[in-house]
Amino acid sequence: MILKTPKINRRSFVVGSAAVGAGLALGLKIPFGASVVRAQDGSPEITAWVVIRPDDTVVIRIARSEMGQGTLTGLAQMVAEELECDWSKVKTEYPTPGQSVKRKRAWGDFSTGGSRGIRDSHQYVREGGATARTMLVQAAADAWKVSASECSAANSVITHSPSGRTTTYGKVAEAAAKLTPPAKVALKDPKDWKLIGKSVKRLDTMDKLTGAQVYGFDLKLPGMLNAAIKDCPVFGGKVKSFEAAKVKGMPGVRQVLPVGDSAVAVVADTWWEAKTALDALPIVWDEGPNAKVSSATIAEMLKAGLDVDQAFVANQNGDVKAAIAGAAKKVEAVYAYPFQNHAPMEPMNATARYTADRCEVWVPTQNGEAAFAATLAASGLPADKCEVYKINLGGGFGRRGAFHDYVTQAVLIAKQVPGTPVKLLWTREEDMGHGRYHPVMQCKLVGAFDAGNNLTGLHMRLSGQSILSDVRPEALQAGKDPLVFQGLNPGGDFGIGYSVPSLLIDHAMRNTHVPPGFWRGVNINQNAIFLECFMDELAHAAGQDPLEFRRKLMSKHPKHLAVLNAVADRAGWGKPAPQGVHRGLAQMMSFGSYVAACAEVSVSGGNKVKVHRIVAATDCGYAVNPAQIERQIAGSFVYGLSGLFMQECTVKDGHIEQTNFHDYDSMRIAQMPKVEAIVMPSGGFWGGVGEPTICVAAPAVLNAFFAATGKRLRTVPLKHHGIQLV
Amino acid sequence: MARLTINGRSLEVNVNPNTPLLWAIREQVGLTGTKYGCGVAQCGACTVHVDGVAVRSCVMPVAAVAGKKITTIEGLATGSVLHKVQKAWLDHEVPQCGYCQAGMIMAVAALLKDKPKPTDADIDARITNICRCGTFQQVREAIHAAARA
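Keeping their order, the protein sequence lines are chains S and Z. First residue of the first sequence? That's 28 in our numbering, and the numbers climb one at a time after it. First residue of the second sequence? That's 37 in our numbering, and the numbers climb one at a time after it.
Keep in mind that the hints are not guaranteed to be accurate.
With a Cα cut of at most 30 Å, we get these calculated DSSO-like pairs of lysine-lysine [as the list claims (entries may be wrong)]: (1) S:Lys701 x Z:Lys153; (2) S:Lys228 x Z:Lys149; (3) Z:Lys120 x S:Lys116; (4) Z:Lys120 x S:Lys225; (5) Z:Lys105 x S:Lys228; (6) Z:Lys120 x S:Lys701; (7) S:Lys118 x Z:Lys123; (8) S:Lys247 x Z:Lys105; (9) S:Lys247 x Z:Lys123; (10) S:Lys247 x Z:Lys153; (11) Z:Lys120 x S:Lys118; (12) S:Lys221 x S:Lys507.
Derived CB-CB ranges, DEER-like [stated by the list, open to error]: (13) S:Met251 x Z:Glu48: 19 to 29 Å; (14) Z:Asp150 x S:Arg739: 36 to 46 Å; (15) Z:His180 x S:Arg385: 45 to 55 Å.
Reference excerpt, derived from the structure (chain Z facing chain S, CB under 8 Å, subset only) [unchecked claim]: (16) Asn52; (17) Pro53; (18) Trp59; (19) Glu63; (20) Ile109; (21) Leu126; (22) Cys133; (23) Cys136; (24) Gln173; (25) Arg176.
Quick caveat, the hints were computed from the structure, so don't treat them as lab data. Ideal Cβ placement from N, Cα and C applies to all residues, glycine included.
Using the sequences and the hints, build the whole thing.
This is how it looks when you write it as structure tokens:
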């Protein structure tokens, strides 16, 4: 996922954070009596990232959102590594988007998608910690009237080595906050890290065990009312009419309101009353121009794109047409990937309070700044009259990053009930029908072999939706959506792992009225199925072992090859599997990390698939918290295999047919394979963790299914083939 | 009006008797640890104990549980002493986003009451809660750890 907020210039940010973040912009101008920026409890900020309380508690600010992926703990580890503080005294807090605006984005980008919580902020958060440590040590040295170079810091204690004197961070914090921050700080060599790379416990577990954790949907405010909403089932449609009088007398009902031109909400004392009344409310929809669109018409449109001349090219070398024309053997296949919903466990929600001169929103969001922008737009108020408070997320997976339709709705409702906080909660049915769906894509692949069974050419033609053309058209490159090609590029964070003498990868853009969105992994997921299953097809067509066949094409891609070799070795590729068990492989580069999986499956009765074991390797460059990375890897197979076996959002008469988990199922514990994670950071780069592994889940299992049955399944989900995950 | 006994407290709740227990717990009693995920007894995020049995409260009318002993996630620990399932969850760092975990923990606590040493097959049959983050590997480990505790 790559979300909407523009990238900032990291270098200028770092300078900015040292000056503004430390609250010492004034201090620089007024050498004596500098003003200190204070947290709500009065404790001084040392830098924007670090507040130190008198009792030595260290509060680390986290700009990215924690939604289960562990970034809150990982980012705190990175600040603490350089701060040299006592980890047992670390607490965290989210700065607000409104504060960020006032302080010229002192905390950088809030966007939490694209697996970049850590890989895009590692530099400046570590510098935030190092800057604070330098100032704390200087403050102690000043008090002792010694040189800072004779002092050292560890575990929140500062020691003057020659005299043996010690003090603590809490004791010097006030003085440190008044100092001018150093213009430059040196960061530790990775070999000296003590906290980064260590599987410390997450900081946020306890409240999730007792019911104490407050998610967006749990928020309570004095005098708060509750709202339930229905948007037009057909995307692009509108409300024609509704009969408010029919439900106004129902228990608890306060208001029946239009929301924009496409939705209706009931506001009531409790949400259950609001929902009950909304279900009873007669609404007539104007379904608009898309009321006849179906999955079949969309599939036809995509199919037509597989053979057209006009297409955006992302990766090309050699002459693929000549290679195919002159091939001794040609292999061809067409694959397809459906619309899928995110279905986070916590349905969409937001709470808003509006008055003529202030609008506040409480929302579980992957991007506080984007939620803030939605608040400004919907309220019509300027930035200094708006604020967004980030609340914990019950899952995000991309749904809560670039899109804040529920924030817009909550504000539009609150504007009609001024002064009263209103919590809007979607039903699961509303969530299923109004997603920002994983885009639909088809792919035609043609491989060419010479007489010696060497692969001489490969053409991959993608045909389907572009997320950017819907979400951020200004980011298109002369019409091309670069995100479509995740995992298929010549290099970069999504580089292909194969060298083929003649290669062409192109995209015929075919957009639909069903809105596409970023989804955990998103385009890499279907691209991995297309490429890695077809590589398996090619290997079999050439009569070669799928691992050996890949290795020959991967000699110039050592990091891709290393993770593939790691899973093959651990799984015992080439050695006999248990009776009835068959193996399949897949590898990919995704969000800057190299990932591979070897799946072991058995198939009974021709259609019951048991995934026994998956060995999965990740080279993410640096591994900040290996235990959490292992959990992200294991969880990726739940999300990825649920998508492979069970999930499609089909379109009928312009609307999404699925309504809840009974027809949009998700994996249960009985279906969970044993996942053996190999975390193998090779150093020198920062790759993502939350999303990359998802993409190898499906192709590894599909290739193992072929090994077991001799059948290729080229469309998702497998339930449509009568296949069950057991 | 209905009288409910929740976590040892007897309470009057002023709702239509058809109101699902989930919403009475959340909106009348004010305990928000029990979650809404689907409203149709598919996901298990709303699991509570009714007379010690795991129940999906989103489809259980308040009228059906009057006079019965209801336990929510907030009532599982004994004072500040965590239930052995919560303790195992802490040790194994099970939760990711955590939203489904209250229901998962309640389902597991009921399972262990019936089957103190559950097999993997017992777990597969009884724990059918949905977790979209995908914590199942840690859930299974933690169940076995709690059974040993």
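So, going through the hints one by one against the coordinates:
1. Pair hint Lys701 (chain S) plus Lys153 (chain Z) holds up; C-alpha atoms about 20 Å apart against a cutoff of 30 Å.
2. Distance hint between Lys228 (chain S) and Lys149 (chain Z) is fulfilled; the C-alpha atoms sit about 29 Å from each other, no more than 30 Å.
3. Between the alpha carbons of Lys120 (chain Z) and Lys116 (chain S) the distance comes to roughly 26 Å, so the proposed pair stays at or under 30 Å and holds.
4. Simply put, Lys120 (chain Z) and Lys225 (chain S) have alpha-carbon atoms about 27 Å apart, close enough for the 30 Å limit, and the pair holds.
5. Distance restraint check for Lys105 (chain Z) and Lys228 (chain S): the Cα-Cα separation of roughly 35 Å exceeds the 30 Å cut-off, and the hinted pair is therefore not satisfied.
6. Using a Cα cut-off of 30 Å, the hinted pair Lys120 (chain Z) and Lys701 (chain S) holds, with the two alpha carbons roughly 24 Å apart.
7. Annotation: proposed proximity of Lys118 (chain S) to Lys123 (chain Z) holds, straight-line Cα distance about 21 Å (limit 30 Å).
8. Restraint check: the Cα-Cα separation between Lys247 (chain S) and Lys105 (chain Z) comes to about 26 Å, which is no more than 30 Å; the hinted pair holds.
9. Annotation: proposed proximity of Lys247 (chain S) to Lys123 (chain Z) holds, straight-line Cα distance about 28 Å (limit 30 Å).
10. For the given pair, Lys247 (chain S) sits about 40 Å from Lys153 (chain Z) by alpha-carbon distance, which is inconsistent with the 30 Å threshold.
11. Between Lys120 (chain Z) and Lys118 (chain S) the CA atoms are separated by roughly 26 Å; this keeps the pair inside 30 Å, and the hint holds.
12. Between Lys221 (chain S) and Lys507 (chain S) the alpha-carbon distance is near 44 Å, which puts this suggested pair outside the 30 Å criterion.
13. The beta-carbon spacing between Met251 (chain S) and Glu48 (chain Z), approximately 22 Å, falls within the hinted interval of 19 to 29 Å.
14. Judged by the Cβ atoms, the range 36 to 46 Å given for Asp150 (chain Z) and Arg739 (chain S) holds: they are separated by roughly 44 Å.
15. With their beta carbons about 52 Å apart, His180 (chain Z) and Arg385 (chain S) fall inside the hinted range of 45 to 55 Å.
16. Hint status for Asn52 (chain Z): holds, given a least beta-carbon distance of 7 Å to chain S, under 8 Å.
17. Among the interface hints, the one on Pro53 (chain Z) is violated; its C-beta lies about 12 Å from the nearest C-beta in chain S, farther than the 8 Å criterion.
18. Here the hint on Trp59 (chain Z) is kept, as its CB sits about 4 Å from the closest CB of chain S, short of 8 Å.
19. Satisfaction of the interface hint for Glu63 (chain Z) is found here, the shortest Cβ-Cβ separation to chain S being roughly 4 Å, below the 8 Å cut-off.
20. Look at Ile109 (chain Z): its Cβ gets to within about 4 Å of chain S, closer than 8 Å, so that hint holds up.
21. Look at Leu126 (chain Z): its Cβ gets to within about 6 Å of chain S, closer than 8 Å, so that hint holds up.
22. For Cys133 (chain Z), the interface hint holds, since its Cβ comes within 8 Å of a Cβ in chain S; the closest pair sits about 3 Å apart.
23. A least Cβ separation of about 5 Å between Cys136 (chain Z) and chain S falls short of the 8 Å threshold, and the interface hint therefore holds.
24. Hint on Gln173 (chain Z) holds. Least Cβ distance to chain S is approximately 4 Å, under the 8 Å limit.
25. The beta carbon of Arg176 (chain Z) is positioned within 8 Å of a beta carbon in chain S (closest approach about 6 Å), and the interface hint is therefore held.
Consistency with the previously given hints fails for numbers 5, 10, 12, 17, ordered from lowest to highest.
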